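Residue numbers (my numbering), protein chains in the order written: chain A, 10 to 1107; chain B, 2 to 221.
Treat the hints with caution; some may be incorrect.
[Stated by the list, open to error] Facing chain A, a subset of chain B residues (Cβ under 8 Å, in silico):
hint: 1; residue: 67
hint: 2; residue: 71
hint: 3; residue: 72
hint: 4; residue: 74
hint: 5; residue: 75
hint: 6; residue: 76
hint: 7; residue: 81
hint: 8; residue: 85
hint: 9; residue: 86
hint: 10; residue: 126
hint: 11; residue: 134
hint: 12; residue: 135
hint: 13; residue: 138
hint: 14; residue: 168
hint: 15; residue: 188
hint: 16; residue: 218
Since the hints were derived computationally from the structure, they do not count as laboratory data.
Small disclaimer: the values here were computed from a predicted structure and weren't measured.
C-beta atoms are modelled at their ideal positions from N, C-alpha and C, and glycine is treated no differently.
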Amino acid sequence: MEAYFYSRLLSKTGGNKRMSSSKFQWLSSIIFLYLVNQAHGQSRGVPHDLNCITHNLKVWDCSWEALPTINHGTYEICVINSSYPCIRTEKTHFEIPALTFADHEIKINSIHVSGNSVIKFILNERNVSLVPATLQDFNLTADFSTSTLYLKWNDNGSVFPSHSSVIWEIIVQYKEKMEVATVATLNTTLIGKDSVHHWNWTSDIPLECTPHYVKIRYYIDELHFFGQKEWSEWSPLRNISGPPVKENYEVFPRDKVVPVGSNMTFCCVVGEPVLSAQFGKESYSFIRLDRRSVAIKINNITVSPSSGTNVVFTTKSNLYGTVVFAGYPPDIPRKLNCETRDLKEITCSWNAGRPTGFFGPRGTNYILYERFSGRNVTYGRAEEHMNAIHQLIFQMITGQEIYNFTLEANNPLGRSEAVILVNITQRVCPHTPSKLIAKDINSTAIFLYWHLSGNFANINLLCEIEINATYSGQELRNITVRGLETSSYHVYMDKLMPYTMYTFRVRCSSENFWKWSKWSNEKHYLTTEGIPSKGPDIWREWRADGKSVIIYWKPLSLNEANGKILSYNVSYWSEEKTRYLSEIPDSQHKAEIKLDKNDDSDYIISVVAKNSAGSSPPSKITSMEIPNEDIKVEQIVGIGNGILFHWNYDPNMTCDYVIKWCNSTRSEPCLTDWKKFPANSTGALVEYDNFRSGTRYNFFLYGCKNQKYQLLRSILGYTEELAPSVAPNFTVEDTSSDSILVKWEDIPVEDLRGFLRGYLFYFEKGEKGTSKIQGLESGRSDVKVKNITDITQKTLRIVDLQGKTGYHLLLQAYTGGGIGPGKSMYVVTKENSEGLIIAILIPVAVAIFVGVVTSILCYRKREWIKETFYPDIPNPENSKALQFHKSICEGSSTLKTLEMNPCTPNNVEVVETRSVAPKIEEDTEIKSPVTDGPEEGSDAEPENHVVVSYCPPIIEEEIANAGGEEAGSSSQVIYIDIQSMYQPQAKPEEELENHLVGGAGYKPQMHLPVTSTIENIITADDLEKTAGYRPQTNVNAWNLDSPDSPRSIDSNSEIASFGSPCSINSRQFLIPPKDEESPKSSNGGWSFTNFFQNKPND
Amino acid sequence: MEVGSSQRSLKPASDFLSVFQPVVPCLLSLLLEPFTLGVPLSLADPINQAYNLALYMQKNTSVLLQTYLQYQGSPFSDTGFSAPELQLSSLPPAAVPFMLWRGLGDGERLIQTRGAFSALAQHLQLVNDDQADLNPGSSVLLSQLAAARLWAQGLMGNMASVMTVLGVSIPPEVDALGPAPFGASAFERKCRGYVVTREYGHWTDRAVRDMALLKAKYVA
């Protein structure tokens, strides 16, 4: 008991600040109670630990602890110094009305068989706890479709003082494990009477999935109660269970419609184990709610297809599922517009905006509500259009012009609305006008009728009429008509052209323009004829004989004729008489009047055009002209499509100016066309479709004074000049040895095609048929040109020519449009006979003179000439110096390379006075380099190297005799296959020498540095550089096989050409194929260098 | 009763027939002849007509099933979806042991098949309504369902003609659906439609074999 009070004291001290102010008083009370207990009770086992609480602040409920020994006794409880009567009870608690704030002494007298004991407690309100009564009666309901729990209870406020704050604490638990789903706290205020409070909570798990439990407690914070305030006890648990599961399974929630992005939990209540769970295409791991229920949680759900997103749980034997529809609440209707077509019904249209993703029964419903009339129209689902303009039709209310429409859109997820306030008379877009009819009034005015459905009696209509005529173009006329109830409208259309096909169409709007209706269909209408508005444009021409005048007129244009012209009436009169011609049909536009130009009387000619509506005003012209002697012919060139004329202003010209023209090549009367210009004009551009470039026209400018015309100017003109189409025809009138006279003719006007500016005359010396003058290269020095700008000149003499020489002539004409083609001619000037004679005689005379002088000189110096040019020559055959030993040639059989020096009498000088010995010594010296050569060559290819020995004719004969013995190894020439037979090159020695040295003159062979075959080749190369001849291929690349080697026989034809012992350089046969024994073939003048110098004959 | 129901189905059928233009004349003759001619003159004609119609229907059953599944979302629209465990108590299954089917008398076999198509026609109407709710924009599916219902009724008529010639009494048509369908959830409706379109195919297969049996027996 001590601890209890102490603890209560401590908790109260800490928990309630309002009591801290009387802390001291508190402490003294406790101490007092403690002392009393010690003194009177405990020592004898009487009641102790008195505890008082209150549920309603009106009654205190006190209880105490008592020893078992006195349990069966009776207690008398008295409040000392109080009017309350003492209470006698056998229980250990008692109730007393709430006492005042002061301390009260409670005396409890325990009466039992062993005796009485009295114990006193000091009781104060501060020792009493306020513990509200447990809330027993509250209402718990559930909306399974929304998984929402609804809690409703009475706060029993009539029991407590008003303005007390109450804190309610509600706990929702679920699953078999009674997990806490949510803890909610509510604050309310007591108002002194019973109040019903509501609380709801939406579970994220469908309520059907698992039972949900709810309990509630509360705490009353009464400001004026100084005792301890405590929470009430928890109310008893209430649970919500789902409806009985059909067919032993169910998946929840069913057919739920949720916003996109929601988080949802789906559960499957089924008696068998669930194997998998799937949301749409995705598989999810499930959580177990209780024994029969599993769930999956889906976050951020995306928009569903039309038939919803399937949630499927699969067991071993079956699959269970539900469907969720995720979408959006309806968007605010966009572009809401209300207008009327006929002032009978209002059409409101709008765009649905963002798609909701819902279809069918979940789709958006629209209600059009009009606030002033309170009427509404519902948008039926049958009228639904996907992604299109929606519209609703609202019947207009008579007399109401202002409409305040609210369009509400709703679907299972929410609603939205758009508002529009309209004055419907300003939102008129009429139907399309129809039944367009025209009715004529006169030739320039009609009535136009049309039908426009609707009741427009209260407004004016603005209608636009489009008028199209072929020649006058398009015209728009806006008219305002008073609106009618009858729908038939007509307007007066004037200012039309007579006899014109018009196309009308109409569209209308209200006068307070909102929108045009669509254009009506077109109506074509031809206005009636009117009288021609003016007389025809006339002109007259006298015949050349002056016996009659032809009156011309132009047909009236459509807007002048005002109808179909039927005929023309022509009349003419003078002062004396008036005459009429018979009616002239429309197809004819001229008439001839027999008048005599020489007759002095002047006639006025009149032409009138007639149609079915009447006659035109007459057009008049006088028959006579005012003479003008001062007429010059001018020239003019146009500006492409026309010709521009200028004239000076003449105040005397009172009527008009006329320009008439004709093709200059046409016969009289000259009149192709004419044009009239106002009297105040000073120029005119005459354009005419039939003007052709290059055609010359005669133009005549007339001025009009007092209805009489006077020719002012006569002009030749081209709209555009072209180059002449033909060449001027020219002939050569006369030729001499140094001049030619040329004469040409005029080019006809039709061929000239422009004003002639001159001629170009070209002439060139040359053979016939070789002229280049056609190119007209005037810049060429050999082509001379003369530009003849005097177009009257018809002849030209060309001088300073050469006699008996051919000349090409060309003549061209040119105009402002260019140079025309030329005519060419070839002329030979006449011969100059005197010059020819002189040219022959002088050379003959000179030749004779020189011959005579030479003869004389030769005769006188004949001895000197003989000595100088023809000295006596000794016979070399008598010289022993030219006799070679046979062994020299035989020794060549061991040679491996070409050996020529022993056999080549290159340096033979016949000196009759010298002895034999020196000659032999000299031969030895010559031979020595040859003997070196075979040593080098034998190392390489001894078989292929066949030595060709060249011997003087005497030695060669010896070799031929010994040929049977040493055929294989001797240096004899082997004759091989020869494909082409060469003629023997038996040239005279002089000629060979010339070939040998080329342009360098004769060079003796002993001066050549011939030491080896290679050196020979090098030498040959050097010779090629010095001599005129060059081999056609690289000499170094040639095979140095002997031309007569067996290999050469087997080789191809090209190589075979070397088969004969010929020069590898010149391919000249060393020994002719025929006439082998001919002494010419072994000409002692032959040299190895001929290999490289002789040009091949082939 | 049959005539009336066929007239009611004419309008949706005309929409569908426009899709299958080339077969219209043939199909119309197949459908209308039993109703206009009354009792056929011979047994071959009604058997051939019923056989040909069943054969034609058989060509379209898989298309109907695939079209139906395509509009129901996953897992129905997944490739190879099959849920044989789903059944409808109001719809007799077509599966039957072969020997049992073979041992049935002609009359009994026709009664079973005709009864099944009677139930199918009612269910197809139900499925059509369900899909008009779930997939209002799927005109292709809706027209195919309507056509399938028309064909089912046509086959019933053809079979009735055969039964009449064979002297088999035609049992009265029963209400296969009852009041149950109205409270079905969307998922149940999808499953129901799946079972109906699937069983429609199975029963059509069976009808082809039924009629082939009769054809071999009476026509050949």
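Kindly indicate which numbered hints from before are broken by the structure, ordering the numbers from low to high. Violated hints: 1, 2, 7, 8, 10, 14 and 16; rest satisfied.
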